[in-house]
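Enquirer: Sequence:
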Amino acid sequence: MSPRLTRGWWTGLFAGLAALGVWSLLNVLVDPTGEFGLSGRFAFNRAPPPAVIAAGEAGNNPAFFTRAIRESRGDVFLIGPSRTWRGFDTCGRSDVLRVAGSAWGLRELERVEATVLENRERPATLLIEIGLPTTERPAITSPARAAVSVALSPRTTAFSLQTVSHSLNGAAATPASCAPLASGERNWIEAERSARYTLGLLDTSTPSLEQGRLNLLAMADRADRVCRRTGLRHRLVFFTLPSSPASSPFSAYDSLFRANADRIAADFAGRPTPAGGCAVSYVNFATTPPGDVSQQALWRDRENWSDYAHFSPALGAIALQSLIGPSVSGA
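Here the sequence shown is numbered in this note's numbering, starting from 749 and rising by one per residue.
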């Protein structure tokens, strides 16, 4: 290789690396995905457009909700998987922020819990819906890998440019709709097929279930340490709702679900509360649904479910009132 070609090769390499560095720095500073905790902190990224917000909510990355958690006017955080997202309509409750995503497992819930406890300066209530442990996805098990992927992503760059343009043009931040996902037309044959696929993602082995219960206790222990360190007495309410309506074709899974919930309840009942720790509790609705007798009957009727795994917002409203009571005036 001639000296001229060598110099040209190195010049091109350094130019490419410089462009990549600028590209990555833009994505980190604008942070349209929330991955780096900088979203909304500067004039140039304070107002992402609705399309960017909607993409973030649909992306299933817990990091996206960091800004919403930090800026929330309310002190109640409703956390969970797709059941939580689709089954709780929090549009009329400014005191409650719903933070949920499709196929979220304990690792995602742990990350959201940590984000809430680290970003709030007054006592918060965390309502955390839990079910059975699921097989973890590699993209979620490595936060560092996810951060690198986001920084280098052309899609993130497109969102960054849209966010900068929207912010510097003086537009106000316009959140995406707070409505839960529409249930659509019920097709119970397709619903059964979908449920069987979803159940295939669950790790229901005895060691996995035992580890899942230990992980829940570890979440409570971490929260206690934060409460002792900060002097804030946060409230954590882990809860389990019925897995499916009474007419579900998955009776064996329902029995396993209820048995595991009973074991979780026993674990939390025997858990000591350390001095200065958080107020931690577990509410088991798996066998006896929330609400009065007539409301409990609604949980057993599949017409009040979107499919075999997702309850309707009407049932979610019953659960939310059982957990924290009705909306306060003005919320």
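These aren't lab readings, by the way, just hints derived from the structure by calculation.
One should not assume that every hint holds.
Computed spacing ranges between beta-carbons, pair by pair [what the hints assert, rightly or not]:
1) Asp969 with Pro871: 17 to 27 Å
2) Ser953 with Ala1014: 15 to 25 Å
3) Leu777 with Asn1052: 42 to 52 Å
4) Pro871 with Thr1035: 25 to 35 Å
5) Ala1000 with Ala1062: 26 to 36 Å
6) Glu938 with Ala767: 44 to 54 Å
7) Ser897 with Ala1007: 37 to 47 Å
8) Ser913 with Thr759: 29 to 39 Å
9) Leu1004 with Gly760: 54 to 64 Å
The beta carbon of each residue, even a glycine, is placed where N, CA and C say it ideally should be.
Enquirer: Sort out which numbered hints this structure fails and list those numbers smallest first.
Expert: none
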